[in-house]
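The chain contents come next:
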Amino acid sequence: MTMDRVSGAFLTLLGLFVVWERRVLPLGTASHPGPGYFPLLLAILLIVLGAILIARGKGAKKIRSVCWPEAPHAVAILGCCLFISLFMETIGYRLTLLLTLGFLFGVVERIKVWLTLALTLGFSLGTFWLFDSLLRVPLPRGGWGF
Amino acid sequence: METTFQNLVLGFSTVFTPTNMLYSLVGCLIGTMVGVLPGVGPLAGISMLLPTTFGLDTTSAIILLAGIYYGAMYGGSTTSILMSIPGEAASVMTCIDGYAMARKGRAGPALAIAAIGSYIAGTLSVVGLMFLAPPLARFALGFGPPEYVCLLVCGLVVLSYMTGGSIVKNLAMISLGMMAGMIGIDQMSGYFRFSYGITALGDGIGLVPVAVGLFGISEILATAGSPEIRDVLKPRFRDLLPSKQEFRDSIGPIGRGTVLGFLIGIIPGSAHIISTFVSYALERRISKHPERFGQGAIEGVAGPESANNAASEGALVPLLALGVPTGPVPAVLLAALMVHGITPGPLFIQEQPVVFWGLIASMYVGNLMLLLLNLPMVGIFVNLLRVPYRILYPTILLFCVVGVYAVNSSMVDVAIMTVMGVLGYLLRKMDFETAPLVLGVILAPIIEFSFRQALAMSGGSYAIFVERPISAGFLALALIMILLGLKPLIFKKRDWRDRLSEVEKGCDAP
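Line order of the protein sequences matches chains S and W.
Residues 1 to 146 (this note's numbering) are what the first sequence spells out, left to right.
Residues 1001 to 1510 (this note's numbering) are what the second sequence spells out, left to right.
In isolation and in its complexed conformation, chain S is listed as follows (with noise of 0.2 Å):
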């Protein structure tokens, strides 16, 4: 299997997705467009160009030569961006940060305690100072304030 025809495979699967979702949307007519109308158009111009890719794509390189080395950082990267976004509201912006940055920096990258410490520390109060004290761009502070 090539990563073009996966590619395409994917690309017009969801183009048949986003034909069936519109149902629900007026198309209306052509000279009175609904809200169904414009997204049916783009549904099918990618359905298209998903078919060329897998008619095209005997010649692409192999799924399977795509390398992963960095798979396991990313993967506890992506752990913390979701993290972020299901507690940060809940915990507050500098329980979270400092959680999150002192997971990547003391596990993730083994880096000495008293530095991770000492970044994590500073980065998650520090740039709270910055953006919710100093500049005013408002920062989540959990349930109990912090």
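Hint data in this document are derived by calculation from the structure and do not stem from the laboratory.
These numbers were taken from a predicted model, which means no experiment stands behind them.
Honestly, I wouldn't trust all of these hints.
[To be verified] When the alpha-carbon atoms are kept at most 30 Å apart in a straight line, the in silico DSSO-like pairs for lysine-lysine are as follows:
| hint | chain 1 | residue 1 | chain 2 | residue 2 |
| --- | --- | --- | --- | --- |
| 1 | W | K1288 | S | K61 |
| 2 | W | K1429 | S | K62 |
| 3 | W | K1429 | W | K1487 |
| 4 | S | K61 | W | K1487 |
Given chain S, put chain W in place with the hints provided.
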């Protein structure tokens, strides 16, 4: 002409206040740092630092952001010359002769010529911007919905051709981006589209989370954990000044690079990168000693660096005059302007003269500041390069989160950023370009609105797009670009876009 100079005086009176001068200086310094650090391009830099401008008045905010933009273009040359690692993609060509000069102990003159060339190109391009943008905006005032649709479609097709790689993949990315741009409330009917009950998606998915995710987070995901081998050459400041011969050899390349860069900058696509390639190739072709190129020829630094800076300012012409971003960085600048309540377009220069001319004047001042500050401070910027990437990337992640959250104080935006980061990471792995996707997201609502208006005007006839001469001209150009893009697919031949794509990928790593 007289009006232009009166307006310029207005611009300078706006900039020459202590506060705005300070913001210009801060923008230039931050921009240089952003340009120096591999892995943090101007796009991620502007997106991350956008929240710092929220408390500022519009003019100061735009001056600061513009400073970051062209400061980053300056800064990219430092790492190219001293480490042979481009700080951002447009400095790829500078690596070749700049690093060769540094290895011969001529890092100082290479840095100086890069800075002087960038200054001259930046300043002359602002003159071009100043004279070209207002008449272009006046011309565009006559555009109706069909012309706008065709202009934007043409812009996207040109972008997909000029970006490099497969045009089919690039067009698919544009379609995908435009579909993502459909999410939210339909402007004309008020219908919620593809929002799945999430109220926060009513205003759409927002350009800042998309851009930061696709460029900032995906970069971190792709590069974290890679081995760090950084050999930084120390510039010798004793011989910072170039010799007379080096000055003489640089004048022509700087002039040609400026003109080329500015003209190419107006075209959608990776203009600032392409301009450096064209400039380098031109200098090598017309040189009496082409064998010197690659061995430390000063022309190989002067031309591309001038072209790169001229292109970055040329890209502001369609952005400010037409409201059409030609690449992801102008697109983020557009989003930043919109956050501050300004919508660039044909009426922008008329309605917001203080902001427009203040921006123009700040660019003159900013270019001079960069020249005066960057060379003495190059040692400080070099020290930034000694910060290990394993310390740098969590910090970048932190700024990405703050930057995205602060725009709407919304965790949904942070979640969108994460999703886009994963998407960008996977798309890189599958050899897709992400720039067309970003442009698709930002232009989709404008294209759809004008498209529906045009069809309503014509009573549902698509002929309106080919009956009007300007729109037919744009469509013809788009068709030519598609045919040119399909040529390598039919004849199975590699063209310059494949090589551009390879070089861009090659400089992704920090």
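Here is how each hint holds up against the structure:
| no. | hint | result |
| --- | --- | --- |
| 1 | W:K1288 / S:K61 | violated, 42 Å |
| 2 | W:K1429 / S:K62 | holds, 12 Å |
| 3 | W:K1429 / W:K1487 | holds, 25 Å |
| 4 | S:K61 / W:K1487 | holds, 20 Å |
Taken one by one, the earlier hints fail for this structure only at number 1.
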